[in-house]
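Please put together the full structure from these sequences, using the hints given.
Going down the list, the sequences are from chains A, B, C and D.
At position 20 of the first sequence the residue is numbered 20 (the numbering used here), and the sequence of numbers has no breaks.
At position 74 of the second sequence the residue is numbered 74 (the numbering used here), and the sequence of numbers has no breaks.
At position 125 of the third sequence the residue is numbered 125 (the numbering used here), and the sequence of numbers has no breaks.
At position 170 of the fourth sequence the residue is numbered 170 (the numbering used here), and the sequence of numbers has no breaks.
Hints are supplied without guarantee of correctness; some may be wrong.
Since the list gives no way to pick out one identical chain from another, each pair is judged satisfied if it fits inside one copy or across any two copies.
Below, computed lysine to aspartate or glutamate pairings styled on EDC-like, alpha-carbon distance capped at 16 Å [what the hints assert, rightly or not]:
| hint | residue 1 | residue 2 |
| --- | --- | --- |
| 1 | K285 | D250 |
| 2 | K15 | E235 |
| 3 | K232 | D36 |
| 4 | K285 | D42 |
Keep in mind the hints are simulated off the structure, nothing from the lab.
Number of protein chains: 4
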Amino acid sequence: MKNTAVLLIDCPDRKGLVARVSGLLYEWGANILHADQHRDQDLGLFFMRVEWELEPEDAAGSSGFDLSGFQHAFASLAAELSMRWTLSDTRHKPRAAIFCSQYQHCVADLLDRWRAGELHCEIPLVISNHADAAELARFYGVQFEHIPVTSATRNQAEALQLQWLERRGIELVVLARYMQILSSAFVSRYPAAIINVHHSFLPAFHGARPYHAAHARGVKLIGATSHYVTEKLDEGPIIEQDVTRISHRDQVENLVARGRDLERIVLSRAVRWHLDRRILCYGNKTVIFD
Amino acid sequence: MKNTAVLLIDCPDRKGLVARVSGLLYEWGANILHADQHRDQDLGLFFMRVEWELEPEDAAGSSGFDLSGFQHAFASLAAELSMRWTLSDTRHKPRAAIFCSQYQHCVADLLDRWRAGELHCEIPLVISNHADAAELARFYGVQFEHIPVTSATRNQAEALQLQWLERRGIELVVLARYMQILSSAFVSRYPAAIINVHHSFLPAFHGARPYHAAHARGVKLIGATSHYVTEKLDEGPIIEQDVTRISHRDQVENLVARGRDLERIVLSRAVRWHLDRRILCYGNKTVIFD
Amino acid sequence: MKNTAVLLIDCPDRKGLVARVSGLLYEWGANILHADQHRDQDLGLFFMRVEWELEPEDAAGSSGFDLSGFQHAFASLAAELSMRWTLSDTRHKPRAAIFCSQYQHCVADLLDRWRAGELHCEIPLVISNHADAAELARFYGVQFEHIPVTSATRNQAEALQLQWLERRGIELVVLARYMQILSSAFVSRYPAAIINVHHSFLPAFHGARPYHAAHARGVKLIGATSHYVTEKLDEGPIIEQDVTRISHRDQVENLVARGRDLERIVLSRAVRWHLDRRILCYGNKTVIFD
Amino acid sequence: MKNTAVLLIDCPDRKGLVARVSGLLYEWGANILHADQHRDQDLGLFFMRVEWELEPEDAAGSSGFDLSGFQHAFASLAAELSMRWTLSDTRHKPRAAIFCSQYQHCVADLLDRWRAGELHCEIPLVISNHADAAELARFYGVQFEHIPVTSATRNQAEALQLQWLERRGIELVVLARYMQILSSAFVSRYPAAIINVHHSFLPAFHGARPYHAAHARGVKLIGATSHYVTEKLDEGPIIEQDVTRISHRDQVENLVARGRDLERIVLSRAVRWHLDRRILCYGNKTVIFD
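Next comes the structure, spelled out in structure tokens:
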């Protein structure tokens with residue numbers, strides 16, 4: 001069971017940022033577990049992630065870290081230094097929903113990792129435009145909503161989806177090979193909180209049928225990409241990518257099969273890093289604090 | 001010292017192709033070392049590479065394989081079966097020229113591998129639009145021609161280049177980060193015999209300054225691609241690709257440095273496979289017989 | 001639905017082997033889909049895999065390939081040329097059993113791939129010394145046998161396991177992180193038909209707790225290995241290996257988590273290749289016809 | 001041209017370490033470029049690397065960072081907190097010697113990278129027990145000493161080597177496939193300052209002829225490892241490792257050829273990281289601050 005606080009910061013770079021932040025944490029008695037900084041020298045930006053303990057493991061008589069007191073104090077510092085920041089208490093598990101289509105390898109993989117304790121979240125909801133994953137969701141004890149989508153019914157379908165997301169208090173939407181394009185209105189409701197997997201090494205082969213395009217071009221490696229969804233299709237900040245070697249012997253159906261392994265891995269990594277507050281978005285890129 | 005024959009075949013697929021070819025080789029007494037076939041089922045095409053010994057190692061009194069006799073016999077078979085084919089005697093070393101710019105890591109790598117015996121060819125000629133590689137070429141005992149190129153002088157420069165290629169009997173041109181675009185007229189003189197390295201994972205980031213583009217897009221892997229040059233820039237048949245993992249910590253200059261390792265490897269593999277007659281082009285793709 | 005025959009051959013190398021085999025297939029009218037050969041020049045051995053169609057897809061009036069007739073004819077040729085060989089009709093799906101422990105990621109992965117059609121087999125049986133996987137097996141409609149094992153009861157447990165394997169007609173046993181050592185007597189019942197996954201890059205870190213050993217040694221990559229089980233622990237013929245990069249930031253529990261992805265991939269590849277008759281064992285090594 | 005200071009620290013973990021170090025740097029006006037920390041929670045150890053500017057780029061009227069003043073102040077803090085530490089001025093280029101044998105691919109690669117500016121050091125000396133690399137050293141303008149070694153003359157040879165190392169003020173010794181075992185006496189003179197490349201994925205296949213051993217075992221990947229040399233052969237702290245996929249088609253000579261690419265890469269990375277003060281040794285492991 002996690003029992004830490006995580007502070008994510010980005011701000012204009014200047015002298016003394018690490019000293020100011022770590023000084024304040026020291027003052028409040030934080031026992032830092034991990035700290036990592038990054039400077040983008042071209043853009044003059046500073047990024048930081050700090051994680052510290054909230055309660056000592058052998059806490060007899062100890063009062064623990066005063067998180068709300070610290071939050072108040074830090075807000076002043078952050079304002080002074082023009083910081084954007086989020087402070088998370090990892091004892092709270094984020095609530096995630098999975099969207100899928102008839103392709104079930106990614107949703108099955110995420111649910112299996114969730115059960116194995118790899119993903120630090122609640123998963124109260126699976127939504128699909130196909131009925132296929134109903135049984136799988138039931139096996140993992142997760143509510144399944146079958147919401148068909150056609151071009152004519154997209155708006156109503158999205159309204160229904162959003163209703164369920166709200167009712168279940170969803171904070172993260174994972175598109176596990178969902179295969180439908182979400183409207184700008186939908187996307188704007190979950191900024192940097194919708195993760196998609198695209199079955200190519202972006203920016204190569206964006207759009208539909210990337211394995212067919214890869215086969216036609218005769219590439220020697222195929223890839224998969226997980227990214228945050230923005231209004232521009234396949235152009236959101238990339239979180240993770242991986243590739244695997246293929247040869248002239250691989251027909252399209254082989255690419256599809258081999259790609260499934262890539263998709264599972266890049267999507268599950270992205271979800272885990274998001275849940276562990278390891279990702280900072282800036283511009284159209286990500287910093288991954290590993 | 002190599003001492004084999006290599007037969008490369010492509011033709012419309014039909015029953016009995018392996019039997020006919022291997023039967024003829026058996027008839028002529030060939031001792032086959034490697035044989036590999038591939039069928040593209042979508043296109044109905046058949047590809048084959050066979051390599052066999054020309055002279056036995058302990059050849060006392062032995063007369064060796066009758067290559068010209070076999071060639072004559074095979075020509076009839078090939079005509080009957082509508083085969084495109086090439087028959088190579090590996091005792092003949094192909095003659096390669098290297099084109100380079102001020103960036104010398106690829107030309108240095110190729111010359112070092114050549115000296116180490118990895119590349120089965122002669123390299124009588126290095127041509128560059130910069131003077132920098134002169135000393136390097138001299139160290140390896142290779143003629144160096146400094147032929148500056150501007151947009152105004154491209155035609156004369158290419159004429160001079162072609163003159164040298166002809167005089168030196170060049171059969172393969174390797175563009176080792178040459179950074180100049182060759183004219184269609186030049187390219188058409190060396191069909192499937194000009195190998196280029198592009199410093200990205202094609203088709204992503206074609207054109208100029210791919211490392212800058214990769215950095216701007218925020219990809220998590222960078223790549224390099226070796227390919228045959230055709231009239232369409234960066235769109236020729238891909239021979240080899242490789243990638244390496246990067247992170248937000250890598251600025252453009254790091255991408256450039258790490259990319260050099262990729263470029264060396266994908267270019268040298270392409271050259272070696274070409275020299276070993278392991279590559280068959282069809283459409284805009286390659287079969288690599290490994 | 002598969003509908004092909006696969007012939008796997010190994011024998012002492014000599015001239016004309018490809019010609020003889022492909023000639024016979026041609027004579028019997030085989031439409032070859034894939035053919036691959038390999039020579040181990042050091043050992044003077046020849047290996048071959050050929051796959052051809054049994055019934056044409058648009059079979060109106062066609063009688064199909066005469067497999068038993070061919071088998072009879074080939075047996076003579078094989079005897080003459082001292083071949084070891086197996087001829088498989090892929091319309092028959094091999095029957096596989098999965099053995100697992102409390103660690104369920106590999107068994108869950110195999111069952112999911114099986115359902116998705118990636119594994120060409122029947123899976124009628126899961127056996128475990130823990131009860132944990134019962135629900136999972138039930139979800140996939142597979143019989144689950146909970147057979148506890150202690151050092152005192154190993155013999156009886158194995159007797160019971162073998163009984164179930166026989167009753168269900170099992171031809172392949174997959175040890176999906178089973179964590180128990182099988183007796184020589186058990187192993188000898190399934191020669192080259194028990195596949196294990198070891199959670200290290202063999203031969204490094206054989207034996208127990210390889211992730212702990214890898215962490216202690218400070219390696220920069222961890223790996224996983226799938227192999228056929230022989231009487232010598234972790235020393236059977238290697239089928240597949242893969243690795244992933246780690247750093248000083250990874251504690252043992254991270255290695256365990258990241259290793260799970262490797263284990264799933266190397267084990268499932270091994271099982272698929274075995275089922276597709278792509279593996280030939282010789283000495284303590286494998287030829288993988290890909 | 002580099003113009004920074006690098007501080008490497010390791011000490012028992014306790015609260016406030018980052019705050020104390022970054023606070024002192026802030027007090028002295030340091031403009032931090034990179035900072036990275038790591039905690040080994042099992043061992044209760046803390047590791048830190050900080051790099052900051054020494055002179056502003058547009059230094060009109062600016063006096064720069066007072067490095068010796070800071071060093072004095074930091075020494076007190078370090079004593080109080082039981083820190084082991086090194087403070088480096090990157091305007092000083094370390095002096096490295098390369099030892100090689102008849103195999104020249106690694107020494108050629110290092111010298112080429114050095115010329116290209118990838119390695120921030122001086123290389124005044126190449127020592128070999130073979131004469132082969134003389135010409136190569138001359139090409140790069142580096143002194144070459146041919147010091148033959150036999151088991152009978154090892155002691156005298158090492159005495160002569162040490163003499164040259166001292167005369168040339170060598171701080172780092174790179175064994176670029178040197179193939180000779182150094183005595184404990186020699187090794188103890190350069191603690192954590194001799195880098196070797198071993199042509200296997202350690203700890204697999206330590207000792208002689210690892211490619212032969214890998215071929216005999218039938219592994220599916222081969223590797224290379226760079227590490228600091230300690231008194232125990234092939235057991236020093238690992239700096240970097242990499243692997244490449246092989247198949248049954250690769251004979252030993254192919255493994256050797258493909259391994260050369262791995263060796264070049266893992267050795268050159270190790271040397272670069274060492275020169276950039278990115279490596280901290282503890283116990284028998286390394287922290288690589290990337």
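So, going through the hints one by one against the coordinates:
1. K285 <-> D250: The answer is between: 13 Å across copies meets 16 Å, while 33 Å in one copy does not.
2. K15 <-> E235: Neither, since 34 Å and 42 Å both go past 16 Å.
3. K232 <-> D36: neither (31 Å within a copy, 35 Å between copies)
4. K285 <-> D42: Within one copy, since 14 Å is at most 16 Å while 34 Å is not.
Of the numbered hints listed earlier, those contradicted by the structure are 2, 3.
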